[in-house]
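Visitor: Read off the chains here:
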Amino acid sequence: MAKAITQIRRVDPTPEELQAQSISKILGAVAENGEAIMKVMDIVSQLDQMGVLDALDALAKRRVDVAEIMIHQVNQPAMHKVMKNGMNMFKFLGSLNPDQIQMLMDGIGHGVDKATATESNDKKTSLWSLGKAMKKPEVKESLAMLITILEGMGESLQREKGHA
Amino acid sequence: MKSSSFTIQINGEEYTAEAGQTVLEVARAHDSYIPSICYHANLGTIQTCDTCFVNVNGEMMRACATKAEPDMKVDTLSEPIKEAQYEAMSRILKNHELYCTVCDNNNGNCVVHNTAEYLEIEHQKYQFEPKPYPADNSHPFYRYEPDQCILCGRCVEACQDLQVNETLSIDWDREAPRVIWDNDVPIDESSCVSCGHCVTVCPCNALMEKSMLGEAGYLTGIPQNVLEPMIDITKEVEPGYKEIFAISEMEASMRKERIKRTKTVCTYCGVGCSFEVWTKDRKILKIEPQEEAPVNGISTCIKGKFGWDFVNSEERLTKPLIRRGDEFVEASWDEALSLIASKFRAIKKEHGADALGFIASSKCTNEENFLFQKFARAIIGTNNVDNCARYCQSPASSALMRTVGIGGDSGTIRDIEQSDLVITIGANPAESHPVLATRVKRAHKLHGQKLMVVDLRENELAERADLFVHTKPSTDMIWLNALSKYFLDQGWEDKAFLNNRVNGLEEYKKSLEKFTLEYAEEHTGISKEELIQMANMIHEAKSVCMLWAMGITQHMGGTDSSTAIANLLLITGNFGRPGTGAYPLRGHNNVQGACDFGTMPGWFPGYEAVEDDEVRARYEKAWDVQLPKDPGYDNHQMVEGIEKGDLKALYLFGEEMAIVDSNINYVDKNLENLDFFVVQDVFFSKTAQFADVILPASPSLEKEGTFTNTERRIQRLYQVFEPMGDSKPDWQIFQELANKMGAHWDYKHPSDIMAEAASLATYFAGVSYEKLEGFNSQVWPVKKNGESTPLLYQDTFAFPDGKARLIPVDWTKPHDIGEEFDFHLNNGRLLEHFHEGNMTGRSEGINHKVHEPWVEISLEQARDRGIEDGALVRLTSPYGKIKVRAVVTDRVQGKELYLTMNARKDNEMVNRLTSSYFDYITHTPNYKEAGVKMEILEDEGPSPLPDKNHRFGHRIPQISVRVEDKWKREDFTPIPELFKLGGDEFGESYHAN
Chain X
1 MAKAITQIRR VDPTPEELQA QSISKILGAV AENGEAIMKV MDIVSQLDQM
51 GVLDALDALA KRRVDVAEIM IHQVNQPAMH KVMKNGMNMF KFLGSLNPDQ
101 IQMLMDGIGH GVDKATATES NDKKTSLWSL GKAMKKPEVK ESLAMLITIL
151 EGMGESLQRE KGHA
Chain L
1 MKSSSFTIQI NGEEYTAEAG QTVLEVARAH DSYIPSICYH ANLGTIQTCD
51 TCFVNVNGEM MRACATKAEP DMKVDTLSEP IKEAQYEAMS RILKNHELYC
101 TVCDNNNGNC VVHNTAEYLE IEHQKYQFEP KPYPADNSHP FYRYEPDQCI
151 LCGRCVEACQ DLQVNETLSI DWDREAPRVI WDNDVPIDES SCVSCGHCVT
201 VCPCNALMEK SMLGEAGYLT GIPQNVLEPM IDITKEVEPG YKEIFAISEM
251 EASMRKERIK RTKTVCTYCG VGCSFEVWTK DRKILKIEPQ EEAPVNGIST
301 CIKGKFGWDF VNSEERLTKP LIRRGDEFVE ASWDEALSLI ASKFRAIKKE
351 HGADALGFIA SSKCTNEENF LFQKFARAII GTNNVDNCAR YCQSPASSAL
401 MRTVGIGGDS GTIRDIEQSD LVITIGANPA ESHPVLATRV KRAHKLHGQK
451 LMVVDLRENE LAERADLFVH TKPSTDMIWL NALSKYFLDQ GWEDKAFLNN
501 RVNGLEEYKK SLEKFTLEYA EEHTGISKEE LIQMANMIHE AKSVCMLWAM
551 GITQHMGGTD SSTAIANLLL ITGNFGRPGT GAYPLRGHNN VQGACDFGTM
601 PGWFPGYEAV EDDEVRARYE KAWDVQLPKD PGYDNHQMVE GIEKGDLKAL
651 YLFGEEMAIV DSNINYVDKN LENLDFFVVQ DVFFSKTAQF ADVILPASPS
701 LEKEGTFTNT ERRIQRLYQV FEPMGDSKPD WQIFQELANK MGAHWDYKHP
751 SDIMAEAASL ATYFAGVSYE KLEGFNSQVW PVKKNGESTP LLYQDTFAFP
801 DGKARLIPVD WTKPHDIGEE FDFHLNNGRL LEHFHEGNMT GRSEGINHKV
851 HEPWVEISLE QARDRGIEDG ALVRLTSPYG KIKVRAVVTD RVQGKELYLT
901 MNARKDNEMV NRLTSSYFDY ITHTPNYKEA GVKMEILEDE GPSPLPDKNH
951 RFGHRIPQIS VRVEDKWKRE DFTPIPELFK LGGDEFGESY HAN
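For the protein sequence lines, the chains are X and L, in the order given. Just so it is clear: in the first sequence, position 151 is 151 by UniProt numbering, and no numbers are missing. Just so it is clear: in the second sequence, position 681 is 681 by UniProt numbering, and no numbers are missing.
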């Protein structure tokens, strides 16, 4: 004879039992990863001494307010320009051929070396010597290159103007 | 190559095409990508997005609307085409802001995102314009954000022509068009049935499941006051979309790390929808249907799409419980199983193995049902094992087994779709098998399929039918026989078919003598003219499918009525061809599978008789035991057995017998008298209240296994979650209990169980988990090589001589309840809740739509008795009484009442009123032959049906999205007018790329 009943006695673990369970889980993990945990402790303690943890704590607690202020600051014309310029800069760098730039940079580097070496012999540069230097094939090569760069730049500027 | 196929050229490559395919379909079939935002394989051509413009033989055409023709040359890559597609995409982005990284739809499958990326959209060509409408958040499960809506019309197409609920449309006439529900009412107040089709097909985030919002992305939970300036900055700085896409893609792939996508099979009705479940830890983010799902594609109903809250319900059983005095006390598994083992042993020793009974679950897997019957037969030694098919479709199975040989649907949902004429009898698929009903509604709306509905109640399919016939209760068998006789009298029968493939015609003819049209008219209430009209419809149709459910089977003559259906189909030659056959619609996700895998008192798995010595020997050898020979008790006989004192112990899993068996006052009394009762369930059910031991089981999302749907299709489900608490998958519980009782079962995974079943039962010889991987499925009988049989009886019927059998049957008068009980009481399921609601009743959103049962009363009776919606009535039968509120409706007629089944309270349950009479062959209760008297307790009151329910909506039927209205708008310029073809087609400059 078993009447329909609805009473259920749950043997819920006491708060102490639950706590004991989770502590034993944690201890298990600690025992397994002892060395790594000690290192982390060390880092955490350093950060605390520096006051970083307090700052992070405050930041986490007020995250929405902080995000709102930050995003407001970022959402200004000047910042838009910074971002646009930054991205243009990236695009510019992306558009260059690294081999050619490498060559150019090597050239400039060598030139700078030479320039600093020349400076040390402390002799005044006369117009005459400049004129004479123009005849050197090395100088001619560099000048030709600079002029070509100016030419290309001009073309691009003209194109932009034409479009506008 | 098939005779209907030919080749076309796309970008210089030759592709085979089938007649009728569009250029887009050919390209997709060969993985050649053409942008196509509004096209969806399950929906077809819509023509709103214009991103699929291609060059076809020198003309700019929409690939989705251009039929492939032999030797056609298509170019999709030349400059003018790219520009045209770019223009189309730019127009779309006027309606849609790309803030992908902070969008919950950025999961790698966003069609708008992926198309914009493919077309290398760099900048917003037309400025984004918000629409002057706020977001609609009124519906409990999904929201519509007009500002993000690109007006592609996928949702409208899905609602109008796939689900065919006809709620959504786009109002192209207003300045800023938008999607509207009904006549532009809030979603929650519309005719929306919450099926989720629109949300599933939305190619962006305009329609989203609310459970996804703020949950899917790493950054999507950001509060609005931070989010808006972030979107501003992105727009202001506008580095070009390429960079935005790079970041959003990175974020999308990070999401894959924490959003788990698992394929499962729906646990509700017998249609067998499969889909992905997206979860984050134990939170269900959404149900994501897939095109490749074999039964449903992207279709779902409210329960499958949104009804999964029960899995994480706090009311789940998580520990075994043992009755001690007047309460249940939590126990360990070891304690509970040891107790069961010792009790079972003691009862078997004292009273014999047949003093124990086993009731299986049509909610659980094939593997679990297989193990359960193995436990009953091999460990205990009894055939007293049955499942809930006894309450529903056993009469249909038994009728089909004696006429055509196999107790299942003759074909698949594809056959129902392509049939000339669908006849539903005593079934309400639009609510009980919603996704299957969508295929009938679609074929009827778009493809000229005819629909006949025979029922007491004018359900949704009846409203849509070409012919709705109302019969007197319990008389279907008569008109079925009368139509067979009329066919034979007219000489309309399929003579060749009968000659070559059917036995018993002469005897059958004789049995029909009394079933004249006059006799039928007198008893069924269907006029002679209507009967002839019905016969004509069948005669004119080249193929007929007959679908039926509990309106046929739950009668004292349930098996005979089902047999009459099979007979009529045989007479008219409607078996064994595509688009024909008999379809008893299965109620539960795995009621077919439970029967298939042997939880029946007379059958081993695969319908092999336990009395057959040869079959038994095969199982005895495999299991190394002696097996009982005589068929055991069915559900009904088990309850009787308790009363007689023969049955002492019962083990039941996943079955709410104390609510769903008929005449539950009688059942409850007997459950009280058991010596020992074990109930295994997900919840503390009504039945569990009578138990001595309750075992906590895991629902479908917490285990692996297979389900078999109404089509006989076997599909795999994968584990989504770990079992909650200490609950366990049922198969593991059976194994542990068997081993406690001395067995040495060692099934590591459900696939081991299926392998054993496949090795023993011929029907499943080629079933294997490898072949069922992912969305693959197998339809039994499955040959050893893995080949399925979707359509039965193409060459032979399932008898030794290969011929079907016409079985003479006669009408069984319904149970006479007595004049005093002057109302006929019908009952059934609802769309929103599954059955009595033990799972769906735990969903807040579903309860918002429907939260209590009601009784439907005809306009005429309401007038006579002076009552309105919300009146409180008491219904009394000889077996009990209940109290429910009324809904007055023209769905029911005269003195016929309809009571919904979603009852959780003792005094609202229909089975307080039903009797213990049954189908004389299968013992299925005659649930549909109840009579009651009605007393009015309150003339009026709060309506039991919330006003925010689809039944009060106003549908707006139309075909598709009416794109012509878009094209007529003044602000619309056809894209081909903007771009000249010439000089750059494929073959000219393409090679330069």
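These aren't lab readings, by the way, just hints derived from the structure by calculation. Remember, it's a predicted structure, so these values are computed and weren't measured experimentally. Do not take every clue at face value.
[Stated by the list, open to error] Covered stretches of chain L (chain X as the covering partner; in silico rule of three or more C-beta atoms under 8 angstroms from a C-beta of chain X): (1) 170–178; (2) 327–341.
[To be verified] Cross-link-like lysine to aspartate or glutamate pairs, in silico, EDC-like; alpha carbons within 16 angstroms at most: (3) L:K509 - L:E243; (4) X:K91 - L:E702; (5) L:K933 - L:D816; (6) X:K91 - L:E243; (7) X:K84 - L:D816; (8) X:K84 - L:D232; (9) L:K319 - X:D113; (10) X:K3 - L:E327; (11) X:K3 - L:D810; (12) L:K280 - L:E702; (13) X:K84 - L:E243; (14) X:K3 - L:D232; (15) X:K81 - L:D232; (16) X:K3 - L:D675; (17) X:K81 - L:E702; (18) L:K542 - L:D420; (19) L:K644 - L:D675.
A virtual CB, placed ideally from N, CA and C, is assigned to each residue, including glycine.
Visitor: Evaluate each hint against the coordinates.
Guide: Each hint, compared with the structure:
1. Interface restraint, the region 170–178 of chain L with chain X: violated (0 residues with C-beta to C-beta distance below 8 angstroms; minimum three).
2. Requiring three or more residues with a Cβ within less than 8 angstroms of a Cβ of chain X, the coverage given for the region 327–341 of chain L holds, as 4 such residues are present.
3. As the CA atoms of K509 of chain L and E243 of chain L are separated by approximately 78 angstroms, the hinted pair breaks the 16 angstroms bound.
4. Straight-line distance between C-alpha atoms of K91 of chain X and E702 of chain L comes to about 51 angstroms, which puts the hinted pair past the 16 angstroms bound.
5. For the given pair, K933 of chain L sits about 14 angstroms from D816 of chain L by alpha-carbon distance, which is consistent with the 16 angstroms threshold.
6. The straight-line distance between the Cα atoms of K91 of chain X and E243 of chain L is roughly 11 angstroms, inside the 16 angstroms bound, and the hint therefore holds.
7. For the given pair, K84 of chain X sits about 86 angstroms from D816 of chain L by alpha-carbon distance, which is inconsistent with the 16 angstroms threshold.
8. Of the supplied pair hints, the one linking K84 of chain X and D232 of chain L holds, its CA atoms being roughly 14 angstroms apart against a limit of 16 angstroms.
9. Of the supplied pair hints, the one linking K319 of chain L and D113 of chain X is violated, its CA atoms being roughly 82 angstroms apart against a limit of 16 angstroms.
10. Between the alpha carbons of K3 of chain X and E327 of chain L the distance comes to roughly 11 angstroms, so the proposed pair stays at or under 16 angstroms and holds.
11. Of the supplied pair hints, the one linking K3 of chain X and D810 of chain L is violated, its CA atoms being roughly 43 angstroms apart against a limit of 16 angstroms.
12. Between K280 of chain L and E702 of chain L, the direct Cα distance comes to roughly 15 angstroms. Compliance with the 16 angstroms bound is thereby established for this hinted pair.
13. Proposed proximity of K84 of chain X and E243 of chain L is supported: the alpha carbons are some 13 angstroms apart, at most 16 angstroms.
14. Using a Cα cut-off of 16 angstroms, the hinted pair K3 of chain X and D232 of chain L is violated, with the two alpha carbons roughly 67 angstroms apart.
15. This hinted pair checks out: K81 of chain X and D232 of chain L have alpha carbons roughly 14 angstroms apart, not beyond 16 angstroms.
16. Simply put, K3 of chain X and D675 of chain L have alpha-carbon atoms about 12 angstroms apart, close enough for the 16 angstroms limit, and the pair holds.
17. Among the hinted pairs, K81 of chain X with E702 of chain L is inconsistent with the structure: their alpha-carbon atoms are about 54 angstroms apart, more than 16 angstroms.
18. Annotation: proposed proximity of K542 of chain L to D420 of chain L holds, straight-line Cα distance about 6 angstroms (limit 16 angstroms).
19. For the given pair, K644 of chain L sits about 13 angstroms from D675 of chain L by alpha-carbon distance, which is consistent with the 16 angstroms threshold.
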